[in-house]
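K.L.:
Residues per chain are reported as follows:
Protein chains: 2
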Amino acid sequence: MIVPASESDGASIVAITAEAGVFTAQEVATVEELWAECRRHGEKVSGYAFRVYREGETVLGYTCHGPHGLAKGVYDLYWIATAQAARRKGVGRALMANAEEEVRRSGGRLILVETSGTPAYKPTRDFYLSCGYEWEATIRDFYDIGDDLVFFTKQV
Amino acid sequence: MIVPASESDGASIVAITAEAGVFTAQEVATVEELWAECRRHGEKVSGYAFRVYREGETVLGYTCHGPHGLAKGVYDLYWIATAQAARRKGVGRALMANAEEEVRRSGGRLILVETSGTPAYKPTRDFYLSCGYEWEATIRDFYDIGDDLVFFTKQV
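Chains A and B supply the protein sequences, listed in that same order. Each number in the numbering used here corresponds to the 1-based position in the first sequence with 11 added. Each number in the numbering used here corresponds to the 1-based position in the second sequence with 11 added.
Just chain A, with the same shape it has in the complex (with noise of 0.2 Å):
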């Protein structure tokens, strides 16, 4: 079941993010300051929804996304990680297929993913062009040296 994540599911959130293996320190303390705007600000003037996939009382995976600024109709997925515990039974693909869903019903046309281009990311990669992503654009050097921001955008 996919919904709004609540105030207690936090922790499952951040946890998730860590697991996964290929954040950095920082990019989960980024995590928790999107979750800390969402929470203290709420879901429209922060542009942060979360949403989780619940199983009884366990958060299995989570999204992240919202309107970009200033680019009419075009939302960025954030965030989307998935417990390692759940890998591989389609929690992914269903909340990717729930966010786009959403932005669909919200008036978007287009969401924008943000990877980066190292190997370690290839999985996540061929995670988004399964799902109908297109590799849009790629700056070299983006991230550090040798380490490429790659954009996958689609159509919703």
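No lab work stands behind these hints: they were computed from the structure. The structure displayed is predicted, hence computed values, not measured ones. Glycine residues also receive a C-beta, built at the ideal position from the N, C-alpha and C atoms. Hints should not be assumed to be uniformly reliable.
[To be verified] If you anchor each label on the Cβ, the simulated ranges turn out as follows: (1) A/Arg116 to B/Gly80: 50 to 60 Å; (2) A/Ala29 to B/Arg104: 20 to 30 Å; (3) A/Glu66 to B/Glu145: 26 to 36 Å; (4) A/Glu54 to B/Arg50: 23 to 33 Å; (5) A/Lys133 to B/Arg51: 38 to 48 Å; (6) B/Ala26 to A/Lys133: 46 to 56 Å; (7) A/Glu54 to B/Thr129: 25 to 35 Å; (8) B/Glu66 to A/Ala22: 32 to 42 Å; (9) A/Lys83 to B/Arg50: 24 to 34 Å; (10) A/Glu66 to B/Lys55: 19 to 29 Å.
Dock chain B against the given chain A, drawing on the hints supplied.
P.N.:
Just chain B now, kept in the frame of chain A:
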């Protein structure tokens, strides 16, 4: 003379942005927001450094730059604009050189500029190219259908 903007420069910064003619009301409002953030929290915390080109008491142009989150040594040039009356006098070029020098001194290695791919922005794109920026990436139909997002980069 290029100096850090002071409290009283806010009105000039907003006026120069508005008279540029290419920015929407929403974009002008964004400059006001960044300026307010900078005044409220300071340059370091807000991440927005405003510099003005001053001739006597008059502001002829400004830039706003700051570090890009999660990317090592990358700085965004958020805004650069020159007063209509001061065009073609090297004000923009001097402001650009100053921002690049500041980024370099802060340990930055790459400057990122986002602009539009529409004909109205051709003079802007030509300006970046003439300053040594590379057309690095394009996200089609980003700002709107037929209005691409273009990224320019320069290693400093």
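K.L.:
Of the hints stated earlier, which fail here?
P.N.:
1, 2, 3, 8 and 10
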